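Modelling step: build the complete structure from the supplied sequences, incorporating the hints.
These protein sequence lines map, in sequence, to chains S and Y.
Here the first sequence is numbered in our numbering, starting from 1 and rising by one per residue.
Here the second sequence is numbered in our numbering, starting from 421 and rising by one per residue.
Since the hints were derived computationally from the structure, they do not count as laboratory data.
Given the structure is predicted, the values throughout are model-derived calculations rather than measurements.
We put the CB at the ideal spot given by N, CA and C, even for glycine.
Honestly, I wouldn't trust all of these hints.
To be verified - Distance windows between CB atoms, simulated:
{"#": "1", "chain 1": "Y", "residue 1": "Gln627", "chain 2": "S", "residue 2": "Val409", "range": "18 to 24 Å"}
{"#": "2", "chain 1": "Y", "residue 1": "Arg626", "chain 2": "S", "residue 2": "Asp253", "range": "47 to 53 Å"}
{"#": "3", "chain 1": "S", "residue 1": "Gln90", "chain 2": "Y", "residue 2": "Lys653", "range": "38 to 44 Å"}
{"#": "4", "chain 1": "S", "residue 1": "Ala377", "chain 2": "Y", "residue 2": "Pro568", "range": "51 to 57 Å"}
{"#": "5", "chain 1": "S", "residue 1": "Arg338", "chain 2": "Y", "residue 2": "Tyr812", "range": "27 to 33 Å"}
{"#": "6", "chain 1": "Y", "residue 1": "Leu706", "chain 2": "S", "residue 2": "Arg355", "range": "39 to 45 Å"}
Said to hold, decoys possible - Below, a list of computed lysine to any residue pairs in the SDA-like style, where the Cα atoms sit at most 20 Å apart:
{"#": "7", "chain 1": "S", "residue 1": "Lys407", "chain 2": "Y", "residue 2": "Gly629"}
{"#": "8", "chain 1": "S", "residue 1": "Lys402", "chain 2": "Y", "residue 2": "Glu810"}
{"#": "9", "chain 1": "S", "residue 1": "Lys402", "chain 2": "Y", "residue 2": "Gln627"}
{"#": "10", "chain 1": "Y", "residue 1": "Lys822", "chain 2": "S", "residue 2": "Ala208"}
{"#": "11", "chain 1": "S", "residue 1": "Lys82", "chain 2": "Y", "residue 2": "Lys709"}
{"#": "12", "chain 1": "Y", "residue 1": "Lys650", "chain 2": "Y", "residue 2": "Lys739"}
{"#": "13", "chain 1": "S", "residue 1": "Lys308", "chain 2": "Y", "residue 2": "Pro813"}
{"#": "14", "chain 1": "Y", "residue 1": "Lys739", "chain 2": "Y", "residue 2": "Ala451"}
{"#": "15", "chain 1": "Y", "residue 1": "Lys827", "chain 2": "S", "residue 2": "Ile47"}
{"#": "16", "chain 1": "Y", "residue 1": "Lys709", "chain 2": "S", "residue 2": "Ile47"}
{"#": "17", "chain 1": "S", "residue 1": "Lys38", "chain 2": "S", "residue 2": "Lys414"}
{"#": "18", "chain 1": "Y", "residue 1": "Lys479", "chain 2": "Y", "residue 2": "Gly457"}
{"#": "19", "chain 1": "S", "residue 1": "Lys345", "chain 2": "Y", "residue 2": "Ala818"}
{"#": "20", "chain 1": "S", "residue 1": "Lys237", "chain 2": "Y", "residue 2": "Glu810"}
{"#": "21", "chain 1": "S", "residue 1": "Lys289", "chain 2": "Y", "residue 2": "Tyr501"}
{"#": "22", "chain 1": "S", "residue 1": "Lys402", "chain 2": "Y", "residue 2": "Asp630"}
{"#": "23", "chain 1": "S", "residue 1": "Lys402", "chain 2": "Y", "residue 2": "Lys479"}
2 protein chains.
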Amino acid sequence: MARNNVLYAQSGGVTPVINATACGVIETARANRGKIGKVFAGKDGIIGVLREELIDTSKERKADIAALRHTPGGAFGSCRYKLKGIEENQREYERLVEVFKAHDIGVFLYNGGGDSSDTAYKVSQISRKMGFPVQCLGVPKTIDNDLPITDNCPGFGSVAKYVAVSIMEASLDVESMASSSTRVFILEVMGRHAGWIAAAGGLAQRQAGDPPHVILFPEVTFDEKAFLAKVDKAVKKHGYCSVVVSEGVRGKDGKFLSDSGVRDAFGHAQLGGVAPVVAGLVKDKLGYKYHWAVSDYLQRSARHVASKTDVDQAYAMGKAAIELAIKGESGVMPVIERVSDDPYKWKSGVAQLSRMANKEKMMPKKFIAKDGMGITAAARRYLAPLIRGEDYPPYDRAGLPKYVRMKGVLAPKKLDPFDV
Amino acid sequence: MARNNVLYAQSGGVTPVINATACGVIETARANRGKIGKVFAGKDGIIGVLREELIDTSKERKADIAALRHTPGGAFGSCRYKLKGIEENQREYERLVEVFKAHDIGVFLYNGGGDSSDTAYKVSQISRKMGFPVQCLGVPKTIDNDLPITDNCPGFGSVAKYVAVSIMEASLDVESMASSSTRVFILEVMGRHAGWIAAAGGLAQRQAGDPPHVILFPEVTFDEKAFLAKVDKAVKKHGYCSVVVSEGVRGKDGKFLSDSGVRDAFGHAQLGGVAPVVAGLVKDKLGYKYHWAVSDYLQRSARHVASKTDVDQAYAMGKAAIELAIKGESGVMPVIERVSDDPYKWKSGVAQLSRMANKEKMMPKKFIAKDGMGITAAARRYLAPLIRGEDYPPYDRAGLPKYVRMKGVLAPKKLDPFDV
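As structure tokens, this is what we get:
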């Protein structure tokens with residue numbers, strides 16, 4: 001590498017382990033001084049790069065960088081901001097290259113999902129076209145687990161573990177009081193398009209009859225009659241019914257169930273909250289007492305119950321990205337390659353960004369039970385290793401996790417301001 | 421004690437640690453063979469006692485009893501069933517005494533909150549009146565933390581820890597994306613009458629400006645204008661605002677905010693869910709993007725993030741109940757006595773059931789900040805020790821907690837059936 005500074009940016013929704021990837025990037029870069037210079041991090045992601053707000057991670061203490069491994073959220077900030085096509089928005093791409101030039105950036109690492117792969121790929125092309133070629137690499141991250149090629153996406157395993165543990169625990173609660181109290185419990189989880197997270201709830205079932213008894217996927221059109229029949233059967237057989245529902249479940253009209261008429265006090269359609277809609281159905285049609293929970297951001301930030309497999313992989317992807325950069329690679333993304341299911345063995349591999357960009361990996365049909373409301377043995381084989389192992393954050397004397405906050409010192413600006 | 425069998429029953433909503441109390445009862449009884457005979461547990465609580473469905477805990481393996489210490493839910497089942505006054509319902513009280521007689525029960529331990537104290541007290545009186553005196557003791561339990569006299573209630577500390585950790589983690593998530601995404605995050609927690617659980621969220625604040633920025637208590641009438649002003653101020657100052665809201669918050673009309681007009685798809689008033697109501701207000705009046713979570717049973721069963729202080733106290737209360745029984749006590753409840761705040765020191769004490777029954781301990785005024793939307797230093801001093809220490813359940817190879825299930829062998833019935 002001619003220029004050896006690295007620019008790292010987090011993109012899109014954060015995860016319990018995206019900072020573990022940042023930790024892998026920065027620690028591996030620091031272990032390769034001489035080959036790699038400074039690591040800058042875009043403040044709030046790509047927006048910060050455009051604004052030339054670059055956090056100089058060399059100003060952060062070694063112990064604080066190490067603590068990123070166990071800190072949820074996005075330590076440098078992230079954003080939802082998709083660069084448009086080059087034709088429509090050449091100015092932004094050029095700006096990126098100007099910022100790279102000004103700060104002697106030779107490597108751009110974009111830590112995100114499908115959109116980010118696309119952006120990283122485009123940036124690599126335009127930087128070459130502009131005569132300032134930068135090595136652009138993607139680094140995988142998304143709780144949605146919807147990237148192609150990679151075995152799974154860092155972030156997903158920990159959310160999966162949170163959901164499996166939570167539905168297991170809440171079901172024990174419901175079961176112990178069902179004879180005189182709540183009969184149906186509904187847990188809403190994330191997943192607008194793909195049902196991976198909801199599927200993970202199925203890992204709580206260790207034997208036939210275990211909760212959750214019903215899982216609703218965005219891939220399967222909601223069938224009210226079949227759903228109610230299955231709930232009723234579970235209540236009659238087990239005394240209660242435990243349900244995991246994906247936020248993205250749609251009815252026969254193609255609309256999200258969560259949009260199907262819930263009005264707030266002001267008469268506005270209320271967004272989010274498929275669980276109360278499903279609960280209302282249960283009450284109305286079956287008359288059972290119900291409770292519902294919406295885990296929302298809790299599931300996405302619950303570092304306190306992270307999967308060790310996931311943390312290890314998140315770190316490994318950051319490390320692999322720097323190692324690939326040192327080898328001179330560009331236009332690629334490190335990925336997780338599964339070697340075997342059980343014992344679970346995996347290694348770091350490499351994929352072309354052009355093959356990752358803008359493709360969503362949905363749940364294969366063979367992972368969804370015939371009745372559309374559960375998971376199969378094949379799904380279980382795939383999902384099981386991803387929640388294995390515990391990796392607790394350290395706690396302080398007060399009984400709270402010791403999460404780190406970056407100093408976030410910005411590198412001095414060298415360019416004119418730029419409006420984003 | 422003339423008759424030395426014990427009957428233990430769990431009552432009302434379960435907690436992450438009520439089984440730790442059961443563990444303390446059974447292990448202490450087993451350590452005192454000779455003084456204590458068998459421990460029976462009412463299946464599904466007092467209902468099982470009335471039905472003569474008594475689980476014979478001597479049939480459970482030692483390791484399984486030990487595992488109760490880390491298993492959430494109610495391992496023998498619980499119920500919401502309040503015995504009426506003796507005048508109205510003498511038949512049920514008499515039935516209890518008949519069951520005691522048939523199974524040679526000398527000690528009745530009722531593990532619950534205020535209602536259960538009342539029941540245990542009445543049972544002790546009637547058993548004496550009926551010439552079959554049974555030692556009746558209460559054992560404290562309630563996540564609501566609303567029992568008088570005792571320093572705190574087993575179950576509360578773990579819920580408090582769950583809420584503090586969860587709002588801390590979710591706030592890190594929100595903060596990292598606030599510049600382009602969600603500005604206001606709202607977490608709904610339990611607490612129909614008392615704001616103890618919501619107050620615990622305040623422990624996540626380590627220094628000024630830390631989240632949560634707003635806490636809404638059932639003790640304080642909701643002031644829409646003041647609330648919105650505080651949210652807006654936090655967003656302007658910190659970039660985002662993190663809110664913990666108690667399910668029991670009421671408006672000026674005295675109605676629960678959660679009942680204030682949310683309608684489901686069928687036009688029914690939707691119960692539960694103050695968070696979406698508050699979120700709707702934020703969107704409508706301030707225009708900020710929001711997210712909300714309702715933790716519901718998750719908070720009440722999250723044994724995976726229990727407080728060690730709480731687990732220790734829950735166990736100690738079960739142990740103390742048996743020790744008090746051996747001493748011949750009746751009409752009392754073991755309680756937690758605080759010796760000092762920091763370092764936190766406590767010991768087991770004893771309270772008269774007649775002083776515990778049907779009294780709710782609300783948050784004292786001095787624990788609520790002047791503006792009604794935060795906690796004071798005094799509250800912090802009281803709450804802080806209760807979430808200290810971690811006490812993880814063991815996990816299996818699959819990455820899930822090893823929660824135990826009782827065999828639940830019933831003692832042979834000796835009486836005629838009884839309709840409950």
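Now for the hints, and whether the structure bears them out:
no.: 1; hint: Gln627/Y with Val409/S: 18 to 24 Å; verdict: 20 Å, holds
no.: 2; hint: Arg626/Y with Asp253/S: 47 to 53 Å; verdict: 48 Å, holds
no.: 3; hint: Gln90/S with Lys653/Y: 38 to 44 Å; verdict: 40 Å, holds
no.: 4; hint: Ala377/S with Pro568/Y: 51 to 57 Å; verdict: 53 Å, holds
no.: 5; hint: Arg338/S with Tyr812/Y: 27 to 33 Å; verdict: 28 Å, holds
no.: 6; hint: Leu706/Y with Arg355/S: 39 to 45 Å; verdict: 43 Å, holds
no.: 7; hint: Lys407/S with Gly629/Y; verdict: 16 Å, holds
no.: 8; hint: Lys402/S with Glu810/Y; verdict: 13 Å, holds
no.: 9; hint: Lys402/S with Gln627/Y; verdict: 14 Å, holds
no.: 10; hint: Lys822/Y with Ala208/S; verdict: 17 Å, holds
no.: 11; hint: Lys82/S with Lys709/Y; verdict: 18 Å, holds
no.: 12; hint: Lys650/Y with Lys739/Y; verdict: 46 Å, violated
no.: 13; hint: Lys308/S with Pro813/Y; verdict: 16 Å, holds
no.: 14; hint: Lys739/Y with Ala451/Y; verdict: 10 Å, holds
no.: 15; hint: Lys827/Y with Ile47/S; verdict: 58 Å, violated
no.: 16; hint: Lys709/Y with Ile47/S; verdict: 19 Å, holds
no.: 17; hint: Lys38/S with Lys414/S; verdict: 16 Å, holds
no.: 18; hint: Lys479/Y with Gly457/Y; verdict: 13 Å, holds
no.: 19; hint: Lys345/S with Ala818/Y; verdict: 15 Å, holds
no.: 20; hint: Lys237/S with Glu810/Y; verdict: 37 Å, violated
no.: 21; hint: Lys289/S with Tyr501/Y; verdict: 15 Å, holds
no.: 22; hint: Lys402/S with Asp630/Y; verdict: 14 Å, holds
no.: 23; hint: Lys402/S with Lys479/Y; verdict: 43 Å, violated
The structure is inconsistent with the numbered hints 12, 15, 20 and 23, although it conforms to all the rest.
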